[in-house]
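A.B. asks: Reconstruct the complex from the two isolated chains, following the hints.
Residue numbers (numbering that gives the first Met the number 0), protein chains in the order written: chain V, 0 to 270; chain G, 0 to 321.
It is worth saying that the hints were derived from the structure and are not from the lab. Each hint should be verified, as a subset may be incorrect.
[To be verified] Per label pair, the in silico range of CB-to-CB distance: (1) V:244 x G:158: 28 to 38 Å; (2) V:145 x G:314: 32 to 42 Å; (3) G:146 x V:145: 29 to 39 Å; (4) G:123 x V:90: 36 to 46 Å; (5) G:307 x V:241: 51 to 61 Å; (6) V:194 x G:256: 50 to 60 Å; (7) G:234 x V:28: 23 to 33 Å; (8) V:4 x G:279: 25 to 35 Å; (9) G:307 x V:29: 58 to 68 Å; (10) V:98 x G:154: 28 to 38 Å; (11) V:250 x G:256: 31 to 41 Å.
[Claimed, not checked] Result set (EDC-like, lysine to aspartate or glutamate): computed pairs, CA atoms no more than 16 Å apart in a straight line: (12) V:43 x V:75; (13) V:13 x V:182; (14) V:161 x V:257; (15) V:68 x V:94; (16) V:148 x V:105; (17) V:116 x V:94; (18) G:212 x G:110; (19) V:130 x G:182; (20) V:161 x G:190; (21) G:77 x G:110; (22) V:148 x G:292; (23) G:297 x V:182; (24) V:130 x G:190; (25) G:212 x V:138; (26) V:148 x V:182; (27) G:212 x G:292; (28) V:130 x V:105; (29) V:43 x V:263.
It should be emphasised that the depicted structure is a prediction, and the values quoted were computed from it without experimental measurement. All C-beta atoms in this analysis are idealised placements derived from N, C-alpha and C, irrespective of residue type, glycine included.
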Amino acid sequence: MADTDWPGCGKSLKGVILDMCGVLYDSGEGGGVAIPGSIEAVKKLKASDLQLRFCTNETQLNREAFVDKLKRLGFDISVSEVFSPAPAAVAVLKERGFRPHLLVYDGLLPEFDSVDKTNPNCVVIGDAAEKFTYQNLNEAFRVLIGLEKPVLFSLGGGRYYKEGDGLALDVGAYMKALEYACDLKAEVVGKPSPTFFQSVLNDMGLQAHEALMIGDDLVNDVGGAQNCGMKGVQVRTGKYRPSDERHSTVTADGTVDDLAQAVDMILKQRH
Amino acid sequence: MAFTLYSLIQTAILCTNAVAVLHEERFLSKFGWGVDQGVGGFGDDPGVKAQILTLIRSVRTVMRGEQVSIMAGRRALKAVLIDLSGTLHIEDTAVPGAQDALNRLRQASVDVKFVTNTTKESKRSLLERLQRLDFHVQEKEIFTSLSAARSLVERKQLRPLLLLEDSIDTSEPNAVVIGLSPDHFNYQTLDQAFRMVLEGAPLIAIHKARYYKRADGLALGPGPFVAGLEFAADCRATVVGKPEKRFFTQALSDLGCSPTEAVMIGDDARDDVGGAQNAGMLGILVRTGKYREGDEDKINPPPHLTCDSFPEAVAHILKKLL
Chain V
0 MADTDWPGCG
10 KSLKGVILDM
20 CGVLYDSGEG
30 GGVAIPGSIE
40 AVKKLKASDL
50 QLRFCTNETQ
60 LNREAFVDKL
70 KRLGFDISVS
80 EVFSPAPAAV
90 AVLKERGFRP
100 HLLVYDGLLP
110 EFDSVDKTNP
120 NCVVIGDAAE
130 KFTYQNLNEA
140 FRVLIGLEKP
150 VLFSLGGGRY
160 YKEGDGLALD
170 VGAYMKALEY
180 ACDLKAEVVG
190 KPSPTFFQSV
200 LNDMGLQAHE
210 ALMIGDDLVN
220 DVGGAQNCGM
230 KGVQVRTGKY
240 RPSDERHSTV
250 TADGTVDDLA
260 QAVDMILKQR
270 H
Chain G
0 MAFTLYSLIQ
10 TAILCTNAVA
20 VLHEERFLSK
30 FGWGVDQGVG
40 GFGDDPGVKA
50 QILTLIRSVR
60 TVMRGEQVSI
70 MAGRRALKAV
80 LIDLSGTLHI
90 EDTAVPGAQD
100 ALNRLRQASV
110 DVKFVTNTTK
120 ESKRSLLERL
130 QRLDFHVQEK
140 EIFTSLSAAR
150 SLVERKQLRP
160 LLLLEDSIDT
170 SEPNAVVIGL
180 SPDHFNYQTL
190 DQAFRMVLEG
200 APLIAIHKAR
210 YYKRADGLAL
220 GPGPFVAGLE
230 FAADCRATVV
240 GKPEKRFFTQ
250 ALSDLGCSPT
260 EAVMIGDDAR
270 DDVGGAQNAG
280 MLGILVRTGK
290 YREGDEDKIN
300 PPPHLTCDSF
310 PEAVAHILKK
320 LL
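Excised from the complex, chain G in its bound form (with noise of 0.2 Å):
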């Protein structure tokens, strides 16, 4: 049997391998191999059976070491990203717990930021229920897909249709852009969205959620009708809200780390979890707002943790992941 140069290197790896999972208490002490047994003093000779332990001590601490800097990319949490609505806050309640966890949170110093796919409000109006509802927020905190859409459409100088609310008036619209906006999802408008993207006018969506909670139940999101003007229209919008992997790039860029360094935690399992685990982050669902049943269950990967609510999400953060 011709030993080849690989088959050599190869046997070497296993060996190198088998010596580093070698187990302390299971296996070494028990044939008084352990760390503790038959090694002698400083100024002894090392005998062939302290050498052998010596080699296999080095072997493992080798091998761990790499370990620990794969874990460490990991470890080294420096930023949470935080949705607001049914995450925080449903409507004008807040989460029960959910102030002391976000102060708790900052005493641990990570970067906080709220990211929210809403178009409803201003930055200046959720700024100021979140602090009526007693929550520790500054503006420059706040990143909404507003202002990821208003940036695409100055960039490539459109004038918009909004479907948007307060939408401003602006003559003669080229791009049709849809946010949640109840009041123009009616037949008329969308008639008029759809004519203007059948005669090229881009699409654009803020985001596409599904639907989300409202004091009264479950209400339609943007996204059927994005995907109904789609489907009329034979087009693709452009998306950049939640879970595209632009918008939490762009969340975490001005503080400086990577997706690797973050987590996100949100109410939505394909739009915040799904969309943040998708740009590298690590994704917490909670179990409030939007969330149904076995939401969990339909991502994939699935979430790295799904808990009650935002007070426990924090809680794992503090224990494991700092």
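Chain V on its own, in the form it takes in the complex (with noise of 0.2 Å):
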């Protein structure tokens, strides 16, 4: 069993998946800042024969400038190595024919400039911070409860994530609010939805059992991940309360201080 569990199986994994927010860095004035012993964790990573992959439901940027953003920070790390919401949203809503009604941050617009937006027969949302008015949550019910079949994405559906000192709430629970006004379930494209996490994995080239995922929010990282095979490990950073580690429904595979710890613990078990 003990190469099975955490952290033994780090002697067999192929691949690390790591969230951004919370886990490298955390949001804030000025763009954030990046947790300590975070930038060292991730070049020790490349410099390994593991995997890389990085997952993220930011939703604020558009994922140039996003990354930008983190390369300013320290971070080595680019485009191709991210995978975010939007462009997943992007590729389900050309695939399925949907014209979307958008309420989401103006950073984020520019991913969906290929996307057809007139007439709209679906409504995306993303975390809109101080776009999240009466007025704009309202225009989205509007056009949701005016369409014989209401269909939501939401990009991404977690209840709240941490901001300068203290919580604040993310696009999961605008989506609630909107799946009760209308009667309907939204559907989830990031995490915790398989289809995302399956769609790193391919990129990886790898299966479930040979991946790890590490992050900070307990349901839609670590569970997320476990509901795909992977194994979840989850940091005591960014949105972390100490009531996950009591939490009913799911239990992380490991609950480790930061990135830096679990890096350390990954690669004491290759050596």
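C.D. replies: Right, here's the structure in full:
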């Protein structure tokens, strides 16, 4: 059993998937601040023989801008290694012939440039932050309630995230609000949807049991990964709360102080 | 075959029932066993046939007597609860014919109460609007979920963060009270409410209406925002307004009548009609205000009646329920 449990499983791993906000950096004033030890940890992973991908539900910025922000913080990272909901959503919209009414942050709009937005037949909601005004939510609600078959796509389903020195409501709360108002169930694109995790695994060419997910969100990062057959480890940074370690449905394979500790534990197994 | 006591009793009950359901016109009369056939005058000695006929009629009378007393519990209508926004009026326009219908209802000697989940206006301003629209209403006849919320807050001695219109600033709030308040439903105030609830502050919802009808179309009610906070903070709100049973029983409490003696008229299938029926009342759904095609199929049991508007509902009550 030792080899398949954490941290023993570190020996047989072929790939690692990292959540970004709350693991690499924390959101806040001036674009955010890197979490101590994370920059080094990423360097160590890249130097090893493990495959590495980044998985985020970040929807306030498009990928290019987002990666630029992280590079400025000191991270060695490129766009092709980053998986976020917006491109996945664009693919789904085009595939299934949906024209969206968008309720997303301005910074994310460029991701949807190639999508037909006339005469909307669905609503796409992302982390719109201060664009979550009653007016905008009402507009999205009216589009949905006016459709014969209302469809709501949510870029991620997180309940909250760490911002500054407190917690802030994430897109999941607003998704629930619209679900309740229209009596429908949203389709989540992004964590914790299994399709999303699978697309990352496909890109790495790996099976689920060969990969490990490290995140700060017990339900969406760890739970979502475990649901796909991956191992999931929670870090005590970001939105972590002590009550997570006594959660009623999700038990992390391991809980570590931060990314630096997680990476050290993995690499030690591989010597 | 042994005849147990039970099977004898069973047989007796079945026979009595069979006698009770013998139909006068369709069956008995055809065989010359009807009420007015073959029974002699008062002085005569009753023959066997007459005695049997008397027995049949007695059984039927007794059985029907029980039926009547069961129906009477429902038929003795003492009170009518009427929703305001969407049923009697939509913003500043009265529903056509509603004023006359209300007057007719009052003449029928039933108690009338106006119940509303609205938290944007005080009783006084609700009253003024109704009077401007020519409705004859008294302030004491209006019952709002805001009153229900206030009594809960006072009873538990809470200091509320009020997401309500015209909120009174309370320092160091330790509870979140949410009503319909578009001005407060923005991400800053919601984040503040969320952080408080996460720390353990009770979440009190005046009501959880999904949406309501405004002059310019449908608009989100407080329900979606309460649902969002419940999801994010993993908690359940205490709801004091419709469709909570407590709201309806409180509304009827000073009229001295039980829910089975009352009927509710409203435009919201789930909150008005569903809630009232759940409390033991009859519910009438009107097709005005926020009503949308097919709403009557969304609750179980379905509304006692679905009709076009308040005047039709009153006509039904006057004709069938009194």
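A.B. asks: Decide, hint by hint, whether the structure agrees.
C.D. replies: Quick rundown of the hints versus the structure:
Evaluation of the 28 to 38 Å hint for residue 244 of chain V and residue 158 of chain G yields a pass: the beta carbon distance comes to about 32 Å. Remark: the range hint 32 to 42 Å for residue 145 of chain V to residue 314 of chain G is upheld by a beta-carbon distance near 33 Å. Separated by about 35 Å at the C-beta atoms, residue 146 of chain G and residue 145 of chain V satisfy the suggested range of 29 to 39 Å. Hint check: residue 123 of chain G to residue 90 of chain V, Cβ distance near 56 Å, so the stated range 36 to 46 Å is violated.
Take residue 307 of chain G and residue 241 of chain V: their Cβ atoms lie about 57 Å apart, and the range 51 to 61 Å holds. For residue 194 of chain V and residue 256 of chain G, the Cβ-Cβ distance of about 56 Å falls inside the hinted range of 50 to 60 Å, so the restraint holds. At about 29 Å, the beta-carbon gap between residue 234 of chain G and residue 28 of chain V stays in the expected band of 23 to 33 Å. Separation of residue 4 of chain V from residue 279 of chain G is about 56 Å and departs from the stated range, judged on CB atoms against 25 to 35 Å.
At roughly 60 Å, the beta-carbon separation of residue 307 of chain G and residue 29 of chain V lies within the given 58 to 68 Å, and the hint holds. A beta carbon spacing of about 51 Å between residue 98 of chain V and residue 154 of chain G contradicts the range 28 to 38 Å that was offered as a hint. With their beta carbons about 54 Å apart, residue 250 of chain V and residue 256 of chain G fall outside the hinted range of 31 to 41 Å. Distance hint between residue 43 of chain V and residue 75 of chain V is fulfilled; the C-alpha atoms sit about 11 Å from each other, no more than 16 Å.
Note on residue 13 of chain V and residue 182 of chain V: the hinted pairing is violated, with a Cα-Cα distance of about 43 Å set against a maximum of 16 Å. About 15 Å separates the Cα atoms of residue 161 of chain V and residue 257 of chain V, which keeps this hinted pair within 16 Å; it holds. Among the hinted pairs, residue 68 of chain V with residue 94 of chain V is inconsistent with the structure: their alpha-carbon atoms are about 31 Å apart, more than 16 Å. Our distance criterion of 16 Å between C-alpha atoms is broken by residue 148 of chain V and residue 105 of chain V, whose separation comes to about 27 Å.
Simply put, residue 116 of chain V and residue 94 of chain V have alpha-carbon atoms about 15 Å apart, close enough for the 16 Å limit, and the pair holds. Distance check on the hinted pair: residue 212 of chain G and residue 110 of chain G sit about 28 Å apart at the alpha-carbon level, beyond 16 Å; violated. Between residue 130 of chain V and residue 182 of chain G the alpha-carbon distance is near 14 Å, which keeps this suggested pair within the 16 Å criterion. Only pairs whose Cα atoms come within 16 Å are accepted, and residue 161 of chain V paired with residue 190 of chain G is accepted, the gap being roughly 11 Å.
Pair hint residue 77 of chain G plus residue 110 of chain G holds up; C-alpha atoms about 6 Å apart against a cutoff of 16 Å. This hinted pair checks out: residue 148 of chain V and residue 292 of chain G have alpha carbons roughly 14 Å apart, not beyond 16 Å. Taking the CA atoms of residue 297 of chain G and residue 182 of chain V, the gap is about 11 Å. The hint holds against a cut of 16 Å. A distance of roughly 13 Å separates the Cα atoms of residue 130 of chain V and residue 190 of chain G; the hinted pair therefore holds under the 16 Å criterion.
For a cut-off of 16 Å, the pair hint linking residue 212 of chain G to residue 138 of chain V stands: about 14 Å separates their Cα positions. Between residue 148 of chain V and residue 182 of chain V the CA atoms are separated by roughly 11 Å; this keeps the pair inside 16 Å, and the hint holds. About 14 Å separates the Cα atoms of residue 212 of chain G and residue 292 of chain G, which keeps this hinted pair within 16 Å; it holds. Under the criterion of a C-alpha separation no larger than 16 Å, the hint pairing residue 130 of chain V with residue 105 of chain V is consistent with the structure, at around 8 Å.
Note on residue 43 of chain V and residue 263 of chain V: the hinted pairing holds, with a Cα-Cα distance of about 9 Å set against a maximum of 16 Å.
This entry does not satisfy hints 4, 8, 10, 11, 13, 15, 16 and 18, going by the numbered hints stated previously.
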